[in-house]
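S.K.: Spelled out, the chains give:
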Amino acid sequence: MVSPLEVLSQMKLQWHWILSQTVAFLILYWLLRKFAFAPIQQILREREERVRKTIEDAERQRVEMEQLRAEYEQRLAHIEEEARARLQEAMQQAYQARDALLSEAREQAERILQRAQEQIALEREKLMVELRDYIVDMAVRMAEKLIERSLDRTAHHELINDILEKELRERTKH
Amino acid sequence: MTGSELAAAAHGAAHAAEHGAGVHVSAPEETWLHFLYNLFGIPDWLTISLLVGLALVILFWRMSKRLSLYPSGFQTLWEMAVEFFESLCRSAIGPGGEKYAPIIGSFFTYILLLNLIGLIPGFMSPTAHPYITIGLAIASLTIVHSIALRELGLKNYLLHYVDRPFPNPLLNAAFNIITLAPVVHLVGEFSKLISLSIRLFGNIFGEDTVIFQFASLGMITLHAFGLLPKPITVPLPFQLPVVFLHVLVAFIQAFVFSSLTAVYISLFISGHEEGHEEEHAAHEAAH
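Taken in order, these protein sequences are the chains called A and B. Under our numbering, residues 1 to 174 are what the first sequence spells out, in order. Under our numbering, residues 1001 to 1287 are what the second sequence spells out, in order.
Do not rely on the hints blindly, as some may be mistaken.
[Claimed, not checked] Keeping only pairs whose Cα atoms sit at most 30 Å apart, straight-line, the calculated DSSO-like set for lysine-lysine is:
| # | chain 1 | residue 1 | chain 2 | residue 2 |
| --- | --- | --- | --- | --- |
| 1 | A | Lys173 | A | Lys145 |
| 2 | A | Lys145 | A | Lys166 |
| 3 | A | Lys126 | A | Lys145 |
| 4 | B | Lys1155 | B | Lys1099 |
| 5 | A | Lys173 | A | Lys126 |
| 6 | A | Lys126 | A | Lys166 |
| 7 | A | Lys34 | B | Lys1192 |
| 8 | B | Lys1192 | B | Lys1065 |
| 9 | B | Lys1065 | A | Lys34 |
| 10 | A | Lys53 | A | Lys34 |
| 11 | B | Lys1099 | A | Lys53 |
| 12 | A | Lys53 | B | Lys1155 |
| 13 | B | Lys1065 | B | Lys1099 |
| 14 | B | Lys1155 | B | Lys1192 |
| 15 | A | Lys34 | B | Lys1099 |
For the record, the hints were derived by calculation from the structure and aren't laboratory data.
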């Protein structure tokens, strides 16, 4: 078995080949840095920056939206409250108007009733006066008849009945 | 396994038959690009490593032309990789370590491809050659030390090579002279070079050799059991399980090399004590 160290020691090192490889690599490194690494690293940083910025923007917009939403919700709640208050006010007004109308109507009805009662009372009074007049008149006429003919008891009764019947018939005819 | 490797394997098998089992067989160094060696004297492993580097540059240059904030296709994959390198650097170096991701990522990507390209028939893993891994380790340490110099300044950088256990500067100087602490530190730095390069080289070379041996074994078996009238070079894929192992090792070794580079950076940049613990932990993880 030949060890690598033995191989090395047996070789006469030709330094120009070794150094040519060194120089070749250094040139390769310079070129790779220029073409393979610098632009890619720049792009990676750029993309990182862009992603960071996008995420930050999104976060900021989210916060803004949240604020707006809270504001709108507040405003909406306020509007609802206002609407309810206004509705209540309107209802109160309506109740008041209804109450006023009702009381007015009741008053009017009472007035009408009172007038009617008064009229009825008046009519009754009038009727009573008329009745009294009539009774007096009838009594007078009965007295006249009594005086005209002095009759026996049966004739008396018949007469009164006659007169009453006649009078009543006349009355009912009216 | 390709034609040339098969030929080499057959040759090796014949060689083994002639000279017994003790013959030295290693992964082939001849690939489809060997004509360049014949023409210009450029070794195959260097050609392949340069071609891989060129392919990477073209790939990423094309990607950089059509980058988009909304990634698709290869860009998605590469972004994931870059994020992985960044998190690796953060965990090894601490907060702000992302700026070293290009170094770590370049090492990882390049070494991974160098490790894997040996699986393509007709190629070899350049990291199975010590020159490549030594070269890469030198590049790694060059970058580490230049970062240390830039971040710490010359004075603090040099202070890393001395120990200061006492509050008195004179006592410290005497301590450093007696114990030769700077020399120990220098040797330590050099050992980083050895450990980086030998670990990578040893693992990939070993894997390649094992694959080569298993591939050869497939052909030898056919001959030895006399299943055919004549030994022919139709291989059984004995090396297949090892190929999966090779893929695994390719990822692990690329990761170890690059994360050790990150740890070496953090050794200089963050404090000494933490650094040693991290290095220890990383070495534990590597083995």
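S.K.: Now, for every hint given, state plainly whether the structure supports it.
M.R.: To see whether the hints hold, each was checked on the structure:
no. : hint                       : result
1   : Lys173(A) with Lys145(A)   : holds (23 Å)
2   : Lys145(A) with Lys166(A)   : holds (14 Å)
3   : Lys126(A) with Lys145(A)   : holds (28 Å)
4   : Lys1155(B) with Lys1099(B) : holds (23 Å)
5   : Lys173(A) with Lys126(A)   : holds (21 Å)
6   : Lys126(A) with Lys166(A)   : holds (24 Å)
7   : Lys34(A) with Lys1192(B)   : holds (28 Å)
8   : Lys1192(B) with Lys1065(B) : violated (38 Å)
9   : Lys1065(B) with Lys34(A)   : holds (12 Å)
10  : Lys53(A) with Lys34(A)     : holds (28 Å)
11  : Lys1099(B) with Lys53(A)   : holds (23 Å)
12  : Lys53(A) with Lys1155(B)   : violated (43 Å)
13  : Lys1065(B) with Lys1099(B) : holds (22 Å)
14  : Lys1155(B) with Lys1192(B) : holds (22 Å)
15  : Lys34(A) with Lys1099(B)   : holds (13 Å)
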